[in-house]
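**Q** As a plain string of letters, each chain reads:
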Amino acid sequence: MSISCREAVDYISRLEENKIPGEQRQLLQAHFLECPRCIEFNSFNTLLIKMLKDDLSVKVKLNIDDKEIIIKALKGI
Amino acid sequence: MPQCGIQLGLCMDLEQKRQLDATRWVNNYSDSLFTYALRRVKDTHTAKDLVQDTFLAAWRNAENYNGTAPVLSWLYAILKNKIIDHYRNTANRLTDELASENYEGDHYFGANGQWLSSVSFANWSSSPVNPLDSKEFIKIFNNCKKKLKDLQGAVFTMKYIDGMGSDKICIELNISSSNYWVLIHRSKLQLKACLEKTWGFN
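For the protein sequence lines, the chains are Y and X, in the order given.
The working numbering puts the first sequence at residues 1 to 77.
The working numbering puts the second sequence at residues 1 to 202.
Hints in this document: simulated from the structure, not taken from any laboratory.
Any given hint could be a false lead.
[To be verified] Label pairs and their in silico Cβ distance ranges:
| no. | chain 1 | residue 1 | chain 2 | residue 2 | range |
| --- | --- | --- | --- | --- | --- |
| 1 | X | ASP21 | Y | ASP65 | 19 to 27 Å |
| 2 | X | SER178 | Y | ALA73 | 19 to 27 Å |
| 3 | X | ALA111 | Y | ILE64 | 51 to 59 Å |
| 4 | X | SER118 | Y | ILE49 | 21 to 29 Å |
Here a beta-carbon is modelled for each residue, glycine too, at the ideal position from N, C-alpha and C.
Construct all of the structure, not just a fragment, from the sequences and the given hints.
**A** What follows is the structure, given as structure tokens:
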């Protein structure tokens, strides 16, 4: 029994949470042996998780007008 | 006899203090809260609304703040709940999103579930340049994230930024496990497609 690339992509995500049993893990490893594209997807996935966990968002400031609106709202309570 | 003795003076002081606190709170904490919110929701307008709602809720319930945690931690806790509520409202549109056929990711696979041969594939494992070293790439990445559909963005943020497990996310958003995994892998494929297209690997 083998798995499709679509299934492999799904398993890669489930593996992050150890949500796939050993048998499916072996199927994924076997799939990697014959599918360079899924290996590449796995590489992308690793980088993606790093990108998401590193704080890549731009630090932002609320502009003065928006702050004034909130202050007025608070003072109005 | 007019009610303007010492007692009224004290009331005025408290009111003045309250007015000052409003300004101080917003000046001290709004940027941190806004950054936190903007990282978790798609658009600036929503993030601003969430921050304002957080301050209003905190202000109305100031007597419940016991002072054991820093004010900012208390405000973060309120904001997190507001964001979860926002996600739940987003999740109500689940059916529409999952039924949509306009996911770029779906264009990756043929009917047999194999990668389509027509789809070009960037070489992420041996890219000569580390994309994370590039400010331009980070800008592109953030733009691609914004293109995720609302529910995709919510699930993705809860999983990868907030570190929540799938079981908890499914409960919070009231979605099934199978829908959750579909959202996750479609989001990844969509981000991959967007990054490869925009970053110019191919």
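**Q** Under the constraints set out in the numbered hints, which ones does this structure not fulfil?
**A** Checked against the structure, the only hint that fails is number 2, while the rest are satisfied.
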